[in-house]
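Protein chains: 2
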Amino acid sequence: MATKFFSERNIEFLLHEVFDAESLTQHEYYQEHNRKMFDMVIKEASKLARDLLYPIFEEMDRNQPELVEGQIKVHPAVKTILHEFGRGGWIASRAAFEKDGEQLPHLVADICDFIFQAANYSAATYAGLTSGASHLIESFADTQLYDTYVPKMRAGKWQGTMALTEPEAGSSLTDIATLAKPGDQDYYLIKGQKIFISAGDHDCTDNIVHLMLAKIIGAPAGAKGISLFIVPKKRMAENGKLVDNDVVTSGIYHKLGYRGCPIAQLSLGDKNDCRGWLVGKPHNGLKYMFQMMNEARVGVGLGATAMATAAYYTALEYTKTRCQGRKISQKDPAQPQIPIIEHADVKRMLLFQRAVAEGSLSLILQCSKYVDLVKILPDEKKEKYYLLLELLTPIAKSYPSEMGIQAISQGLQCLGGSGYCDDYALEQYYRDCRIHPIHEGTTAIQGMDLLGRKVVMQNGKAIKLYAGELQKCIEAAKKCPELEKSANQLSEALTTLQKVTHHLFEIAQTKGPEYFLADATLYLEFFGIIAIAWQWLVQGITAQKALNGNEKNVDRIFYKGKLFTLKYFYGYELPKILGLAKRLMESDGLTVEMTTELF
Amino acid sequence: MATKFFSERNIEFLLHEVFDAESLTQHEYYQEHNRKMFDMVIKEASKLARDLLYPIFEEMDRNQPELVEGQIKVHPAVKTILHEFGRGGWIASRAAFEKDGEQLPHLVADICDFIFQAANYSAATYAGLTSGASHLIESFADTQLYDTYVPKMRAGKWQGTMALTEPEAGSSLTDIATLAKPGDQDYYLIKGQKIFISAGDHDCTDNIVHLMLAKIIGAPAGAKGISLFIVPKKRMAENGKLVDNDVVTSGIYHKLGYRGCPIAQLSLGDKNDCRGWLVGKPHNGLKYMFQMMNEARVGVGLGATAMATAAYYTALEYTKTRCQGRKISQKDPAQPQIPIIEHADVKRMLLFQRAVAEGSLSLILQCSKYVDLVKILPDEKKEKYYLLLELLTPIAKSYPSEMGIQAISQGLQCLGGSGYCDDYALEQYYRDCRIHPIHEGTTAIQGMDLLGRKVVMQNGKAIKLYAGELQKCIEAAKKCPELEKSANQLSEALTTLQKVTHHLFEIAQTKGPEYFLADATLYLEFFGIIAIAWQWLVQGITAQKALNGNEKNVDRIFYKGKLFTLKYFYGYELPKILGLAKRLMESDGLTVEMTTELF
Numbered sequence: 007m008a009t010k011f012f013s014e015r016n017i018e019f020l021l022h023e024v025f026d027a028e029s030l031t032q033h034e035y036y037q038e039h040n041r042k043m044f045d046m047v048i049k050e051a052s053k054l055a056r057d058l059l060y061p062i063f064e065e066m067d068r069n070q071p072e073l074v075e076g077q078i079k080v081h082p083a084v085k086t087i088l089h090e091f092g093r094g095g096w097i098a099s100r101a102a103f104e105k106d107g108e109q110l111p112h113l114v115a116d117i118c119d120f121i122f123q124a125a126n127y128s129a130a131t132y133a134g135l136t137s138g139a140s141h142l143i144e145s146f147a148d149t150q151l152y153d154t155y156v157p158k159m160r161a162g163k164w165q166g167t168m169a170l171t172e173p174e175a176g177s178s179l180t181d182i183a184t185l186a187k188p189g190d191q192d193y194y195l196i197k198g199q200k201i202f203i204s205a206g207d208h209d210c211t212d213n214i215v216h217l218m219l220a221k222i223i224g225a226p227a228g229a230k231g232i233s234l235f236i237v238p239k240k241r242m243a244e245n246g247k248l249v250d251n252d253v254v255t256s257g258i259y260h261k262l263g264y265r266g267c268p269i270a271q272l273s274l275g276d277k278n279d280c281r282g283w284l285v286g287k288p289h290n291g292l293k294y295m296f297q298m299m300n301e302a303r304v305g306v307g308l309g310a311t312a313m314a315t316a317a318y319y320t321a322l323e324y325t326k327t328r329c330q331g332r333k334i335s336q337k338d339p340a341q342p343q344i345p346i347i348e349h350a351d352v353k354r355m356l357l358f359q360r361a362v363a364e365g366s367l368s369l370i371l372q373c374s375k376y377v378d379l380v381k382i383l384p385d386e387k388k389e390k391y392y393l394l395l396e397l398l399t400p401i402a403k404s405y406p407s408e409m410g411i412q413a414i415s416q417g418l419q420c421l422g423g424s425g426y427c428d429d430y431a432l433e434q435y436y437r438d439c440r441i442h443p444i445h446e447g448t449t450a451i452q453g454m455d456l457l458g459r460k461v462v463m464q465n466g467k468a469i470k471l472y473a474g475e476l477q478k479c480i481e482a483a484k485k486c487p488e489l490e491k492s493a494n495q496l497s498e499a500l501t502t503l504q505k506v507t508h509h510l511f512e513i514a515q516t517k518g519p520e521y522f523l524a525d526a527t528l529y530l531e532f533f534g535i536i537a538i539a540w541q542w543l544v545q546g547i548t549a550q551k552a553l554n555g556n557e558k559n560v561d562r563i564f565y566k567g568k569l570f571t572l573k574y575f576y577g578y579e580l581p582k583i584l585g586l587a588k589r590l591m592e593s594d595g596l597t598v599e600m601t602t603e604l605f
Numbered sequence: 007m008a009t010k011f012f013s014e015r016n017i018e019f020l021l022h023e024v025f026d027a028e029s030l031t032q033h034e035y036y037q038e039h040n041r042k043m044f045d046m047v048i049k050e051a052s053k054l055a056r057d058l059l060y061p062i063f064e065e066m067d068r069n070q071p072e073l074v075e076g077q078i079k080v081h082p083a084v085k086t087i088l089h090e091f092g093r094g095g096w097i098a099s100r101a102a103f104e105k106d107g108e109q110l111p112h113l114v115a116d117i118c119d120f121i122f123q124a125a126n127y128s129a130a131t132y133a134g135l136t137s138g139a140s141h142l143i144e145s146f147a148d149t150q151l152y153d154t155y156v157p158k159m160r161a162g163k164w165q166g167t168m169a170l171t172e173p174e175a176g177s178s179l180t181d182i183a184t185l186a187k188p189g190d191q192d193y194y195l196i197k198g199q200k201i202f203i204s205a206g207d208h209d210c211t212d213n214i215v216h217l218m219l220a221k222i223i224g225a226p227a228g229a230k231g232i233s234l235f236i237v238p239k240k241r242m243a244e245n246g247k248l249v250d251n252d253v254v255t256s257g258i259y260h261k262l263g264y265r266g267c268p269i270a271q272l273s274l275g276d277k278n279d280c281r282g283w284l285v286g287k288p289h290n291g292l293k294y295m296f297q298m299m300n301e302a303r304v305g306v307g308l309g310a311t312a313m314a315t316a317a318y319y320t321a322l323e324y325t326k327t328r329c330q331g332r333k334i335s336q337k338d339p340a341q342p343q344i345p346i347i348e349h350a351d352v353k354r355m356l357l358f359q360r361a362v363a364e365g366s367l368s369l370i371l372q373c374s375k376y377v378d379l380v381k382i383l384p385d386e387k388k389e390k391y392y393l394l395l396e397l398l399t400p401i402a403k404s405y406p407s408e409m410g411i412q413a414i415s416q417g418l419q420c421l422g423g424s425g426y427c428d429d430y431a432l433e434q435y436y437r438d439c440r441i442h443p444i445h446e447g448t449t450a451i452q453g454m455d456l457l458g459r460k461v462v463m464q465n466g467k468a469i470k471l472y473a474g475e476l477q478k479c480i481e482a483a484k485k486c487p488e489l490e491k492s493a494n495q496l497s498e499a500l501t502t503l504q505k506v507t508h509h510l511f512e513i514a515q516t517k518g519p520e521y522f523l524a525d526a527t528l529y530l531e532f533f534g535i536i537a538i539a540w541q542w543l544v545q546g547i548t549a550q551k552a553l554n555g556n557e558k559n560v561d562r563i564f565y566k567g568k569l570f571t572l573k574y575f576y577g578y579e580l581p582k583i584l585g586l587a588k589r590l591m592e593s594d595g596l597t598v599e600m601t602t603e604l605f
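Residue numbers (the numbering used here), protein chains in the order written: chain H, 7 to 605; chain X, 7 to 605.
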């Protein structure tokens, strides 16, 4: 195991120097906090991650959960972890004081989650899901349901899940078939099957609380007939004891990675005794669920970023100590071999990993700040940030997920044959990270969401606001002579983005939605590269300014490293939009017109 | 398990229609063969693959080799497989009749290997290594060594290996430290450590024959002092019995994938009784070994291609049967869901896999034909094909290896959550394929080989010959109106290749080798995309001509499928050279100049 799995200095840089977390405390909602407290919270999170999560990162993978006599058994440390997370307030870090939360800005809470995920993604998922599920109940359920479930969930005693997928309804939630039959009590009788439920069952909490989509009998067809229910594994009997709620764990999946967290298959109501409690109004379930889903999507992006970060530090440590070969111009075999980090191609591979990891983290924290601004600003000012957040959510989910895989694969490559063996953690990261482009909406779904929904919403208002943000950054960068070249490159990229988007709007008009969305996944990739380029310039401005006035050597090294990574991104990654733009401008409908018999 | 792991029709197309295997039989060396025999051989290989290799593909992964009391135990089926491969002549398929071989053209033998590798890469490796090792002995060792080892190896009774890597000498073979001490007998005493030796020990053959690099005591420093030895696990005692040769299996690696084949760590001469027999002349070992290495590199490319092919067919079968969602324009949830292959984005993912797999196979068979031409043509005619083969070997190794990972990952993505679970083979392919960019020279090594050695050799003669081949193909394609656009695209790409190469030559002159080679890996990628584009146009010409005159529906569907995949490659893959060319023209030396403290 590497000694380091994230950079404290980079977190300080992003939190304070780039995103100025303390500025949030000027608003009433966050006024109880200050910079010192933020730093203490992050220090606590680091300690928890280092002491509790990181040491069992490999162990949880090697001893994967198993279904034994209807009960999934997981690594016993999960109990301690959830207990500590509950006790320390980590599951309720974003909740208001009045809801027994810590009322932390998302900016700070997301950094804590990042640290947990970098230490041990699987372990962090249990608390992450519980946090999202309890927030969903808090947002839309009545007080009684809140009182029954949320305090126990936030204390780490009960597990929360999101139970959406069914055998015939994965990407197509429209086709959900789980039924809810109303009765004369306050509950519904639930009947159906759910599959791929993360933390859907385990033996380290007293109960599992499923936030479940189902259709009330007689509901309208399709998405408009989906309702949200709380379906606990165990329900409270009249005597106050927990009794089985006819939720049966019918299977467990054996997965490529992400093995520390079980994924369950559930059978509901086999004995016609599975009770579910409606959250909010009937038929509004999908809308409610999208609150948790959107949080989970950014959470997946954050997890992918965290994993790429941890993998980067493992690779970095290896390349600094492993000696192999000599400088190209040094032919004398009597000279000692050099650490492989000194080879240009190894530096390129490390820069790629760093550029992806730190660029992604910057983008996600940008989104975190938008969440905070939406929370604290008056209505007339918050729309802008809400729209930017909506627009960037599919990018925040997909860029780290897709590029995290590439980055981790390059990390593995840095170790050569050792990277392929389980003596180092890279092979586990490589397996673990492959989940990200799949769960909480595949990359294709994110592409459709971006181009088919977010870019076109309110006549393209969000993308106009986004262009404004990039423009502001470009203008600021142009004031630093060292950044002028990058600023011009981003400016060109923005023009290309606008040109491609305009072209696609025309395709939508002339050829219809199938042609318009045929290459939505490529548009997502194209858009994502530019978004990360923007975030690198945002970081670059801060770093360049800090460098100009700074004499401290340790800081100078940090800022120079940032600026080299910025140059890497603009030199190696941003040019990838050229090929993507060429393809997107083509719109020949190749994949629409090809019939399936031709495969 | 999918019902299909390769396409017989595609093999027929490439072997006969594109590369005209039968034309080889006009030469004396191959005159005993004819098309019918080639087809029979391939049919036999398919049967063996289907009956013996494919059924245990998953089983060999799940029951990985273990080191038990100094002996590696592998899946017992390996014994049967090697026996059948020996009996059927598959290990000696390329050897001359007079060497008890089948004297098959490489074009045909490589297709058989492709089929074996598609069925079960790990299982195929045992025979593949033995074939390469026996060819190496045949080429450079004396008759006595040949007689002692080769017949047993080709009969599948003894395993062959290539034993190069050491703890301090992986990519840097210069630093080999295993020593060979001459004595007054015909053997040397060997002392050292070897690591990462594929099939370096197992219990399914009577002996393991290591083709091993070592330095004779007092040899010149560096690569010029490396010699090649045969070091068997067991040697023949005077009584004709096999006795231990002081080769100890000191470890086994637990790997991400490729688990059916053990990778061993060996300790040689702990008791000063490890005997090695010199192959050829002293200090010429690296040169000899490069024969096996080059064969192995193309073999790795072929294996990567085979794996990507098998993964493609698994994904294809799934997407044809899995129903999810509806056409974008179809909003009515009462309509039935459609097979996911009907979604444009799924077609794009499948086309990507097919384009990579079939494009790679075409390139490798092009190389196979060059090997055959070098073998059968008179000296004055063979140089051209020898140079083309030298130039294309790093591409044939690295393009399928790197892009195979991407293709398999897209295959996994086609299955969504199911792709992440071990109910389908995709997760195994995803693990298995990650070895390819590592073994037999990492991708970075291939890049240095291409740009630093092959492109510059003989004043760029190879790349000029290569440009001539592309030009010939472009001219031929321009005669088909349907292919004119693609021909022009390839023509532009060739111009870009020449421009970038010329620019890099200038950098070599002005800035020296470090700057010249800094982005060699990117040059390799750039070169590789153009090479595969060329092979798609080669296939396209054949397909278009065949389509023009063909009435048979089944053939029309096949050729149309080929032409759609060609269009995919030119529409989606070839444009990737734009970003790469932009980067390669930059040559700002970012990765040369960045100091390691900045990480």
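These are computed hints drawn from the structure, not numbers from a lab. Any given hint could turn out to be false.
It does not matter which identical chain is meant; a pair holds if it fits inside one copy or across any two.
[Unchecked claim] Listed next, the in silico DSS-like pairs over lysine-lysine satisfying Cα-Cα at most 27 angstroms (straight line):
1. K10 <-> K558
2. K53 <-> K240
3. K337 <-> K287
4. K53 <-> K484
5. K517 <-> K333
6. K337 <-> K293
7. K230 <-> K470
8. K333 <-> K484
9. K247 <-> K390
10. K505 <-> K105
11. K505 <-> K478
12. K158 <-> K85
13. K187 <-> K197
14. K558 <-> K388
Checklist entry - Is it within, between, both, or neither for K505 and K105, if the alpha carbons may be no more than 27 angstroms apart? => result neither (47 angstroms within a copy, 65 angstroms between copies)
Next on the checklist: Checking an output row: K53 and K240, CA cutoff 27 angstroms. Within, between, both or neither?
Outcome noted: Neither. Shortest intra-copy (34 angstroms) and inter-copy (54 angstroms) distances fail the 27 angstroms Cα cut-off.
Checklist entry - Are the CA atoms of K333 and K484 at most 27 angstroms apart within a copy, between copies, both, or neither? => result neither (37 angstroms within a copy, 46 angstroms between copies)
Checklist entry - Within a copy, between copies, both or neither: where do K337 and K293 come within 27 angstroms Cα-Cα? => result between (66 angstroms within a copy, 18 angstroms between copies)
Checklist entry - For the identical chains here, do K505 and K478 meet the 27 angstroms Cα criterion within one copy, between copies, both, or neither? => result within (19 angstroms within a copy, 37 angstroms between copies)
Item to check | Status of K287 relative to K337 across identical chains (alpha carbons, at most 27 angstroms) | outcome: Cα proximity of K337 and K287: across copies only (24 angstroms, versus 75 angstroms in one copy).
Checklist entry - Is it within, between, both, or neither for K53 and K484, if the alpha carbons may be no more than 27 angstroms apart? => result neither (40 angstroms within a copy, 67 angstroms between copies)
Checklist entry - Given identical chains, is K10 near K558, meaning Cα to Cα at most 27 angstroms, within a copy, between copies, both, or neither? => result Intra 23 angstroms, inter 63 angstroms, cutoff 27 angstroms: intra-copy only.
Item to check | Intra/inter-copy verdict for K230 and K470 if alpha-carbon distance must be at most 27 angstroms | outcome: Neither way: K230 and K470 sit 30 angstroms apart in one copy and 64 angstroms across, limit 27 angstroms.
Item to check | Up to 27 angstroms CA-CA - K390 versus K247, copy category | outcome: Result: close neither inside a copy nor across copies, 48 angstroms intra and 84 angstroms inter.
Checklist entry - Are the CA atoms of K558 and K388 at most 27 angstroms apart within a copy, between copies, both, or neither? => result Intra 39 angstroms, inter 64 angstroms, cutoff 27 angstroms: neither.
Checklist entry - Is it within, between, both, or neither for K517 and K333, if the alpha carbons may be no more than 27 angstroms apart? => result between (56 angstroms within a copy, 15 angstroms between copies)
The structure does not agree with the numbered hints 2, 4, 7, 8, 9, 10, 14 stated previously, though it agrees with the rest.
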